[in-house]
Structure formats: structure tokens, C-alpha cells
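Residue-level listing of the chains:
Number of protein chains: 2
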Amino acid sequence: VSAVRLARRAALLAPTLPVTTGRIAFDSGHASPALLPDLTAEAARALSAHRAEVLQYAPRAGLPAMRAWIAAHTTADGAAIGPDDVLVTNGAKHALELVCRLLLDEGDAVVVTAPTYFSAIPIIRSFGAEFLEVGQDREGLDVEALGALLARRRAAGQPPPRFLYNVPDYHNPTGITMTGARREALVTLARAAGLLLVEDSPYRLVRFEGEPLPTLKALAPDIVLQLGTFSKLLAPGLRVGWVAAPAPLVARMAQLKTDAGSCPLTQRTILEFCEGGRLAGHTASVQATYRAQRDRMAAALRRELPDADFDLPLGGYYLWLTLPDEFDGEVVERLAREAGVSPLAGSRFFARPDADHPRHHLRLAFSHATPAEIEEGVALLGAVCRTAALAR
Amino acid sequence: VSAVRLARRAALLAPTLPVTTGRIAFDSGHASPALLPDLTAEAARALSAHRAEVLQYAPRAGLPAMRAWIAAHTTADGAAIGPDDVLVTNGAKHALELVCRLLLDEGDAVVVTAPTYFSAIPIIRSFGAEFLEVGQDREGLDVEALGALLARRRAAGQPPPRFLYNVPDYHNPTGITMTGARREALVTLARAAGLLLVEDSPYRLVRFEGEPLPTLKALAPDIVLQLGTFSKLLAPGLRVGWVAAPAPLVARMAQLKTDAGSCPLTQRTILEFCEGGRLAGHTASVQATYRAQRDRMAAALRRELPDADFDLPLGGYYLWLTLPDEFDGEVVERLAREAGVSPLAGSRFFARPDADHPRHHLRLAFSHATPAEIEEGVALLGAVCRTAALAR
Numbered sequence: 004v005s006a007v008r009l010a011r012r013a014a015l016l017a018p019t020l021p022v023t024t025g026r027i028a029f030d031s032g033h034a035s036p037a038l039l040p041d042l043t044a045e046a047a048r049a050l051s052a053h054r055a056e057v058l059q060y061a062p063r064a065g066l067p068a069m070r071a072w073i074a075a076h077t078t079a080d081g082a083a084i085g086p087d088d089v090l091v092t093n094g095a096k097h098a099l100e101l102v103c104r105l106l107l108d109e110g111d112a113v114v115v116t117a118p119t120y121f122s123a124i125p126i127i128r129s130f131g132a133e134f135l136e137v138g139q140d141r142e143g144l145d146v147e148a149l150g151a152l153l154a155r156r157r158a159a160g161q162p163p164p165r166f167l168y169n170v171p172d173y174h175n176p177t178g179i180t181m182t183g184a185r186r187e188a189l190v191t192l193a194r195a196a197g198l199l200l201v202e203d204s205p206y207r208l209v210r211f212e213g214e215p216l217p218t219l220k221a222l223a224p225d226i227v228l229q230l231g232t233f234s235k236l237l238a239p240g241l242r243v244g245w246v247a248a249p250a251p252l253v254a255r256m257a258q259l260k261t262d263a264g265s266c267p268l269t270q271r272t273i274l275e276f277c278e279g280g281r282l283a284g285h286t287a288s289v290q291a292t293y294r295a296q297r298d299r300m301a302a303a304l305r306r307e308l309p310d311a312d313f314d315l316p317l318g319g320y321y322l323w324l325t326l327p328d329e330f331d332g333e334v335v336e337r338l339a340r341e342a343g344v345s346p347l348a349g350s351r352f353f354a355r356p357d358a359d360h361p362r363h364h365l366r367l368a369f370s371h372a373t374p375a376e377i378e379e380g381v382a383l384l385g386a387v388c389r390t391a392a393l394a395r
Numbered sequence: 004v005s006a007v008r009l010a011r012r013a014a015l016l017a018p019t020l021p022v023t024t025g026r027i028a029f030d031s032g033h034a035s036p037a038l039l040p041d042l043t044a045e046a047a048r049a050l051s052a053h054r055a056e057v058l059q060y061a062p063r064a065g066l067p068a069m070r071a072w073i074a075a076h077t078t079a080d081g082a083a084i085g086p087d088d089v090l091v092t093n094g095a096k097h098a099l100e101l102v103c104r105l106l107l108d109e110g111d112a113v114v115v116t117a118p119t120y121f122s123a124i125p126i127i128r129s130f131g132a133e134f135l136e137v138g139q140d141r142e143g144l145d146v147e148a149l150g151a152l153l154a155r156r157r158a159a160g161q162p163p164p165r166f167l168y169n170v171p172d173y174h175n176p177t178g179i180t181m182t183g184a185r186r187e188a189l190v191t192l193a194r195a196a197g198l199l200l201v202e203d204s205p206y207r208l209v210r211f212e213g214e215p216l217p218t219l220k221a222l223a224p225d226i227v228l229q230l231g232t233f234s235k236l237l238a239p240g241l242r243v244g245w246v247a248a249p250a251p252l253v254a255r256m257a258q259l260k261t262d263a264g265s266c267p268l269t270q271r272t273i274l275e276f277c278e279g280g281r282l283a284g285h286t287a288s289v290q291a292t293y294r295a296q297r298d299r300m301a302a303a304l305r306r307e308l309p310d311a312d313f314d315l316p317l318g319g320y321y322l323w324l325t326l327p328d329e330f331d332g333e334v335v336e337r338l339a340r341e342a343g344v345s346p347l348a349g350s351r352f353f354a355r356p357d358a359d360h361p362r363h364h365l366r367l368a369f370s371h372a373t374p375a376e377i378e379e380g381v382a383l384l385g386a387v388c389r390t391a392a393l394a395r
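These protein sequences, in sequence, are chains A and B. In this text, residue positions in the first sequence follow our numbering: the first is 4, and each later residue adds one. In this text, residue positions in the second sequence follow our numbering: the first is 4, and each later residue adds one.
Everything labelled a hint here was simulated from the structure, so no lab data went into it. Warning: the hint list may mix true and false statements.
As the list claims (entries may be wrong) - Chain B is nowhere near these chain A residues, computed Cβ spacing over 12 angstroms in every case:
| no. | residue |
| --- | --- |
| 1 | G32 |
| 2 | R48 |
| 3 | T78 |
| 4 | G183 |
| 5 | A250 |
| 6 | D262 |
| 7 | A311 |
| 8 | H363 |
| 9 | G385 |
| 10 | A391 |
Claimed, not checked - Footprint (simulated), chain B over chain A, 3 or more residues, beta carbon under 8 angstroms:
| no. | region |
| --- | --- |
| 11 | 56-64 |
| 12 | 96-104 |
The beta carbon of each residue, even a glycine, is placed where N, CA and C say it ideally should be.
Modelling step: build the complete structure from the supplied sequences, incorporating the hints.
What follows is the structure in C-alpha cells.
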């Protein structure tokens, strides 16, 4: 029995999320029920005009038409790639798992932001990797600190980290958008250091304001593995995501898939939706709805929690709340759940349990709750915080 | 860099199947195009009456209704289990991967038949397991030989194998059905030896004749992890399978899933099909069609390859052909592909490359080719074998 493997397995088995949510879900990455599209016609076309394709085994790397659509979509977003540079997966988390299977050996180092997306943590950890944390400010990942970290490792004779994982657009959990200058600096540093970049980009089109900045993939297609998904744009339940990477890496990851190909029925249903011309209108609805829900939550927070601080995210699903220093996010989360609303303690989003992290943050999702629930949930949260402050 | 991990990765990256098939596909586990059901109405109901369920994230262990249906289906087949004993997966291969993630550490031994299902080989190997092979005869796995193998390991102070993987019904690739007496003997031996049994059962309902024998799961539910799938009964492209195992193991495997839950849309579409009463009629069609195709292939083989030998499989998709001793299945496979038909060489189905295995077998799928293609493909195969014999 390998001790390393047992440790990895234990890490993966550790629960990452509470099983129950509050009556009002601020913890969830679910979509707004009002935005779930009617896919009846698309599925019917997939199951009739494409019956043999959608009911037989599909190519492991994805339907050719799906790979071509994703390549064109990525190319239109500034990174010129072809269908061979795309691997279709069962959602973006599955894409991250395949990236890890491809790249990681036990003991390899992986750089993440502090905080980072909590579902990425157990996946990366299960491959026996060591986390290196880098901070961020309002402009995104601290590239200067990353440079210093890489220099320290070089000086100490340590190998470079195997890859850096980040969410440059509407970062999860902080909502920060990396500036153009920071993106440029990051790819320049990564190229010089031989560091691969894993760009997780689920919220790219869930944009509320401002022009889109170049993706890392657009800036350096040869060293960036970009993860994408239809979950946040169309519907989480479809379980279709992808990784865009240089073709030789895609070919190897396709062989690491043990699923006999991702489901062709859902791939073709999505293609019918996108090629049928509904995507642009749906994207506009997604942006308008979540922008309004973000604004509703922000206004309620300013009213109910005037001592808390936050930056308005320019896109995505989440708002990162900074409570006054003396608050413990885990205590607030527990009390809030008892009161019927479920924020997530910021402490869940740090990869290194041994490091000293701030404990006074909460992540609040504005995606799933209705506007009325957002009002009620923030009011409940305000009451909980006032009670907690009085009890100190 | 871990040498073991690199070796494992190389093993997984080794291709298991040729990329191109012949014009007439005898290599494929695809379904007969004539049997692909019209699921338009089922998908429409799933996407309308159950829209929120099928488009949001689903529980990692599967939709509760799907778990309940599989539990009832398994119970009706003789193994009384509940929904908590069922984990829904992205096909049966994904179920096997999760079983391996749960049970295997590097260096563990796993028992398989010689030959065994080729897609299981790289999955198990990728976890660093060592294969132990056991032979079979017309009654199925040689339980006496297994007992001797386990005794030798005990005597040598070696730990017992972590599990045994087998396909008792319509074995892949040999088509053998394990007799009732062998099944009883296997579970008795396994229980005494502390050996878990992984029963892969994709063809259970693809039965052509005879009464079904008890599954291993029915005989010993506490030590059997049973893999099931809708691929061979309904449609391969749906990518919905399962593992039926004791509830605590199911709970742990659910946490090992990194896919954020298997696709609820395909789960609900299948439920609509099964609960709508279409499964029994469809199963009868599947059985009648594949029985006729098996008979067609058998008659053609007796006519075109009178020197080759085979047993008529009682179910499943495949016929295991024994060529005269002097033939090399890999040569025949290559020549046959050039001629336009694609059998699979029997040598692909042995887990240990270092052992001395027979080389004069072919696996022929009668599932995908049409009756006319079966006639033409067997005639081509006969011509290839006559040419190969003359060239010796």
C-alpha cells in the first residue's frame, strides 16, 4: 500500500461543500431557473436528423462538429485554433482532471491564487501535487510575487511548478478581472520560466460591463490550456465542457479519457442551439439577468451590512464580501445557515491549510436566488452579523 | 517525477484499438442502427416536465429516481438492493475507473480471465495494478485454478488480490456463460479468501436463449460490485452506466467523481423510456435482432471457414473464432482490414504481455453490421484465410 496514494485518496474524499444548503441558496453555482432555455426542439432535431450520431459511441475527443464550433468560438475570441486543438469533456472539472492526469506527477508544484476555486483544490491535490499560493490585488494575480517565487525556487535548485491555475475573468471566488497589463506580464513571465498556464474561463461570456480583455489563450496559445464550459452559459446539467490546448496534448488527453467519448446527444443538442442562432440572444438574457441580480445584491448589502466591503464584479456569479476583521466567516456561515441563508466562508477557498489566511470573507452567489430571495437573504445575513457582533 | 506514475501513464496512452475500421465493422461494440430507439418524445418530456432537474447540476451519485429504478431492476434480477447501493456513472467504463480509484493501490494484484475485455485492461493497469490471469473453459472461469493461485499467494506470504474482474454473462470476448455451479463455487471461494468480485454485466438482457442464471451480485451482494449500463440495451451514446455496491462504498465512490454529477438530461430521458413501458418491447427486439444476426454469422462461418471452430454464444454481441493452430490472428486482422472487413485479433484481449497466449483467435462482433454485411464480411474473411493458408 502506497502511503502517498492513501493520502491522496483521503484528500479527495474530504468533503468540499456542505451537503445541505439553506432555504435561500447563496452558496450555489446553479443557474437562475428563469434562464434555463427550452431545448425541446434542439433535442428533437438531434434525436431525429442525427439519430445514429447521437445514439452510437462518439469519438473520444468529441463530435467533429462540436470541436469545430468550439475552435471557431475560441478563434473569434482572439486565439486562432483549429478543431484538433479542442478536447470535449464532461464539464470543465473533468477537463481539469484530464489536464492533471496529463501533466502531474507526485510532488510536482502547482501555483494557484489565494484564494482559488474550491472545486479545483481536491482535483489537483488528488494527483499528489504541492500547492504554491500567490496573492492578488484589484488588478488580479500578483505577477511580481509570482516572479519572486519562481526565482526563489530556481535559486534553491527546485524544479519550476508544473502549471499555474487561474480564473482571469471574474475570478472565482473574488470576482476580480485581471487587467490587460497583468495578463501580458503573466504570459511573458510564464514563457521565460517554462511555466504552463491553465486558464479556467467558465464566466467569459457572463460579462456585465466593459469590453472583454484578451484571454491568456489569445496572448500565448502555445503555453495556455484553456478550460471552457457550457454550464454557466447554457445549463449546468448538460455536462459538456472542453479544454483548448496544443493538438499533441489534446491527442494524449483523449487517450486518458476512459469514458468512451462524452455524450454525443448533449453535444449535438448544444450545437443545434448554437448553430440555430439562439446563443447571442440567450447570452444577452444571461448578462442582463445576472447584472440585475448583482446590482440587487450590492444595493441590499450596502443597506444591510454597511460595515462590510466589496468590489462590484464585472461579470460572473459571485460577490466576495469582506467583513470587518474581527468576524469569523465560518461562524457567520454556520449561523446564517441556521437562519435560512447559505453563504460560503472564504476560508473554503484556500488551497494550503497550513498557511495563515484571512478568515473574514464570505462568497455570495447572486446567480441562483430570485431577486426577492436576494433581498431576504441579505437581510437575514445582516441580522446574523449584527447578532454575532453583539455576542462578541 | 515518479517512475511508477510515468509507467502507468505510458500504459494508459498505449492505443487499445485501431483507429480505422474496415468498411464492414466486425470490431465494433456499436449497436445495430436498426435498433436505435426514437427517444424524441422521452427527451421532450424530460426537457419540459423536468426542465429544472435536467438542466441544473444533478446529485453526484445520480438522480434519486434513476438510482431507485436501477435498484428495483437489480432487485428484480435477484439481488435485493436499495437506491443507496447504486452509483450512476458516465457508462460502465467510468464505473470501473471509480472502482479502481476506490480499491487499488500501486502494486495491488487484480485477477482477470485470459482472455478478458480489452478496454478494462488499460484502466486497471493505469492504477499500477499487477494482473493475475486465470483460464476458463466452456463452463466459465476456472475456479479450481483460481483457488490454487490464491493458495500459492498465501503460501508465499503475498497479500490476496484486491479484486477479480469478470463478465459472467456472455463473456467478452469469448461469449462464454458461466454455469450456475461455477458461479456458486466462485462466490464461495471469494468469500473464504476475502476477495472482492467486480461483475461486469453489460449484456445481461441481450439474451438469446435459456433461462438467466443468478448473477454474482444475487449470490453474494456484500462482496460483489456489479457494473451495469444502458449502452448495450438502449443506446451506447447515452453514456449512462452504474455500479451496484454496498452503500458505504457507493458513498466513497461518489466523492471520487470529479464530474459534478452525471448528466441529468440523459438520465431522465432513459427514465421516461423505462417507466413509460417501452423497455420490455425494446428488449425483445434487441434479443430477436441480435439472435438472428448471430445465427446469420454462424451459418456463414460454417460455410466459408469450415476449418475454424466456435461455440454459439447464448447472448451478447460477439463470437470467438478459433482458427487452425498455425494461423496468426494479427496477420489475419491486418489482411482482412485491407480487404474491407475488421475482425479483432484475439491477442488484444490478454492482460499480461509477458505470458504465452494463443495467437489463433479472432473476435467477431455481429451487433453492428447488417445481415448483408455479415454475409459479405464473412466471405471476405474466408477468402483472406484461404490466401493466408496458401501463402504459408
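A quick look at each hint next to the structure:
1. G32: 7 angstroms, violated
2. R48: 9 angstroms, violated
3. T78: Answer for T78 of chain A: holds, closest chain B Cβ roughly 26 angstroms.
4. G183: The claim stands: G183 of chain A keeps its Cβ more than 12 angstroms from every Cβ of chain B (closest is about 31 angstroms).
5. A250: Per Cβ check, A250 of chain A is outside 12 angstroms of chain B; nearest 15 angstroms; holds.
6. D262: It is violated; D262 of chain A is separated from chain B by about 5 angstroms at its closest Cβ, not greater than 12 angstroms.
7. A311: Fine: 28 angstroms to the nearest Cβ keeps A311 of chain A off the interface.
8. H363: At roughly 29 angstroms from the nearest Cβ of chain B, H363 of chain A sits farther out than 12 angstroms, so the non-interface label holds.
9. G385: Holds: least Cβ distance 28 angstroms, greater than 12 angstroms.
10. A391: Non-interface label on A391 of chain A holds, nearest chain B Cβ at 30 angstroms vs cutoff 12 angstroms.
11. 56-64: holds (count 6)
12. 96-104: holds (count 5)
In this structure, the earlier hints numbered 1, 2 and 6 are contradicted, and the remaining ones agree with it.
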